[in-house]
Each structure stands twice: as C-alpha cells, then as structure tokens.
Amino acid sequence: MTSAVVAGMLFVAGLGLMVAAFVRPRDRSGSQTGISESLRELLPTIKEGEEQNLRLAGITPEAYSVQRFAGLVGGIVVGLIAALLLERGPVGTVLVIAVATVLGWFLPMLGVRSTAKKARDELDQVIRAWIVLVAQQVSAGVEPAAAMLVGARMGKRPSWRLLHRFLLAAQQERRPAWEGLVDIVERYGIHSLAPVVSALGLAAERGTRLSEAVLVAAETLWDDSTSREREAAGRRAQIVVLPATAVALALAGILIYPPFTSLTGGTGVGG
204 MTSAVVAGML FVAGLGLMVA AFVRPRDRSG SQTGISESLR ELLPTIKEGE
254 EQNLRLAGIT PEAYSVQRFA GLVGGIVVGL IAALLLERGP VGTVLVIAVA
304 TVLGWFLPML GVRSTAKKAR DELDQVIRAW IVLVAQQVSA GVEPAAAMLV
354 GARMGKRPSW RLLHRFLLAA QQERRPAWEG LVDIVERYGI HSLAPVVSAL
404 GLAAERGTRL SEAVLVAAET LWDDSTSRER EAAGRRAQIV VLPATAVALA
454 LAGILIYPPF TSLTGGTGVG G
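For the sequence shown, this note's numbering gives the first residue as 204, with consecutive numbering after it.
Quick caveat, the hints were computed from the structure, so don't treat them as lab data.
Do not rely on the hints blindly, as some may be mistaken.
[Unchecked claim] Calculated pairs, BS3-like style, for lysine-lysine (alpha carbon to alpha carbon, straight line, at most 30 Å):
1. LYS250 / LYS321
2. LYS320 / LYS359
3. LYS321 / LYS359
4. LYS320 / LYS250
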C-alpha cells in the first residue's frame, strides 16, 4: 500500500512539473506570454464552435488549456485518493483512476459550454427585445441607424452594452450600424438570429428601405418567439399530463381489477 501511495504521488508530481514546464511565466515587461505552442499541440484542436463558447464565457484559449490540464491532474489525484480509500484491488484502482481522470479532463469543457449557453440565450433575448424597440422607434419616424444605437443604450446589462459596442464599431468603420449585428452573430454563434441578419442583408442588397426591413424583422422575431413559447408550454404540459395520466390509469386499474376478476371467475391475489 505504501509503495502504491509513493508511486502515485511521484506520478502526479511528475505530471504537474510537466504541465508547469509548458506554462511560460511573465516576461520582464509584465505581460503574460501564456501557454507555449508545445502545450497547445498536446490539446485537442479547438473548433470554431468551441472558440465561440470561450468568447461567450470570457475565457481565453490559454486559460482554457490550463483549466483542462489542471482538471486532468486533479482527476488523477482524486482518483488515486479514492482508489486507496476504497481498496478495490488492481482492476478497481485502474477503473476509479480512469473515471476520475476522464471527468477531470471534460469538466472544464462542460462548464464552458454551460456558461456559453446561458450567455448565448441572454444575448438572443436582448437582441430580440432590441429589434422590437428599434421597430417602435422606426414606426414613430426615427431614422433606423439612430434608432438602433438609441435602442441599444436603453438596457443596462452587459449584453446590452456589448450590442451597443458592436453597432457603434460598425458605424465608426463607415458601415451600416446593423452590420454590427452580423458581427455578433458570427463571433458568438447565435444561429437563431441568422434569418433576421439575412433579411436585413437582403434588403440592403435590393435597395429596400431599411425601416421596412426592420419592421419585417421584428414581426419575424415576434412570430418565432411566440412559436417558441407555445412549444415550451406544450413540453411543460406534457411533463404534467404524463405523470397524471399514469396515476389515473393506475387508480383505474386498482378500482376495476377486483370486480373484473370476480366476474370472470378469477381467484385474485388471495386465491
């Protein structure tokens, strides 16, 4: 047992030193150089969707790499401790360490995806509300570009400030303000808003008045939001109806079974 503990501690220490060797310290100027290319080569390739999740979660790829390796080392440590406490034999020890290591490796990824999903949903709702505000101002006669910037300044949450920053950046680059919405959709992967962005782009290409395109986009988003609410309400109703139906059938079976058995000549449970 003692030799196993020593071997496990040496293994974990060696792995920790290997991870630390790949991490570059701060340089003399005070700027952090991040993770070396060697460490990045050891990690799975970060796909575009994962990069969008990292942006939404506010985590850099370097910090994400450190989290994955820290989770790996932590999983091994927890697995070793659990295996020593459980004393399941060699096979059990290997299985416990393997499960803990896999969990430690994937937990940071699951955490990033969960955080990104919440941020993406919030940004989606903010943009939907913003489109409605813009449409109301356009209907009142406000110029669409000005209405977009004014509407984005009405919210106080970070998502509203993010929207305003992208719209303002597009305008400062001498592009239409609504193209900032295109940048948001592409950068953060908010695919639910792609039809609206396409509609605005198509209107610009055809020379359609932007005010009309905004009103159409607001109506499209409203219909989509309404259908989403109906689907969600249907799912909630199913969650309530299915157990209630099962209980009703069970009660009906309890009430009907004894008379049925007596009529058919069955002996029943106590026969």
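Hint by hint, here is what the structure shows:
1. Note on LYS250 and LYS321: the hinted pairing holds, with a Cα-Cα distance of about 20 Å set against a maximum of 30 Å.
2. The straight-line distance between the Cα atoms of LYS320 and LYS359 is roughly 21 Å, inside the 30 Å bound, and the hint therefore holds.
3. Simply put, LYS321 and LYS359 have alpha-carbon atoms about 18 Å apart, close enough for the 30 Å limit, and the pair holds.
4. Under the criterion of a C-alpha separation no larger than 30 Å, the hint pairing LYS320 with LYS250 is consistent with the structure, at around 16 Å.
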